[in-house]
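A.B. asks: Sequence:
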Amino acid sequence: DLAGERLAEDVGAHVFLILTDVDRVRLNYRKPDEVALSRMTVSEAKQYLAEGHFAKGSMEPKVRACVRFVEAGGELALIASLNQAGAALEGRAGTQIVRD
Numbered sequence: 001d002l003a004g005e006r007l008a009e010d011v012g013a014h015v016f017l018i019l020t021d022v023d024r025v026r027l028n029y030r031k032p033d034e035v036a037l038s039r040m041t042v043s044e045a046k047q048y049l050a051e052g053h054f055a056k057g058s059m060e061p062k063v064r065a066c067v068r069f070v071e072a073g074g075e076l077a078l079i080a081s082l083n084q085a086g087a088a089l090e091g092r093a094g095t096q097i098v099r100d
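With the numbering used here applied, the sequence shown corresponds to residues 1 to 100, in that order.
Hints in this document: simulated from the structure, not taken from any laboratory. These numbers come from a predicted model, not from an experiment. Take every hint as true, because none was put in to throw you off.
Mimicking BS3-like on lysine-lysine, the simulated pairs with C-alpha atoms at most 25 Å apart in a straight line are:
#	residue 1	residue 2
1	31	46
2	46	56
3	31	56
Quick list of the computed label-pair ranges, beta carbon to beta carbon:
#	residue 1	residue 2	range
4	52	14	26 to 32 Å
5	7	31	29 to 35 Å
6	46	14	19 to 25 Å
7	52	81	19 to 25 Å
8	61	28	17 to 23 Å
9	32	12	39 to 45 Å
10	21	52	19 to 25 Å
11	44	6	22 to 28 Å
12	73	33	32 to 38 Å
13	14	92	16 to 22 Å
14	58	99	20 to 26 Å
For each residue, glycine too, the CB sits at the ideal point set by N, CA and C.
Build out the structure end to end from the sequences listed, making use of the hints.
C.D. replies: Encoded structure:
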């Protein structure tokens with residue numbers, strides 16, 4: 001995830017898309033109070049990371065890579081499922097990570 005972020009940054013990409021096996025980033029994953037996120041700001045993502053909401057080696061590095069991309073000047077980072085890549089790029093699926 002971080003290597004992909006670095007490549008996107010180096011080529012001057014405006015959008016960084018990470019594809020995974022879940023449709024959206026989730027807080028309290030697999031718990032009764034699970035919440036799917038369609039959008040979060042960099043500050044919100046950092047807060048959720050600090051609070052330990054994302055599994056290490058799973059969603060945590062994806063969210064961290066998206067934060068780095070947007071902080072480095074990227075316009076938009078997305079995390080979405082493989083079969084929803086097009087919809088995510090159109091803003092209809094996945095989780096968007098945006099500037100504050």
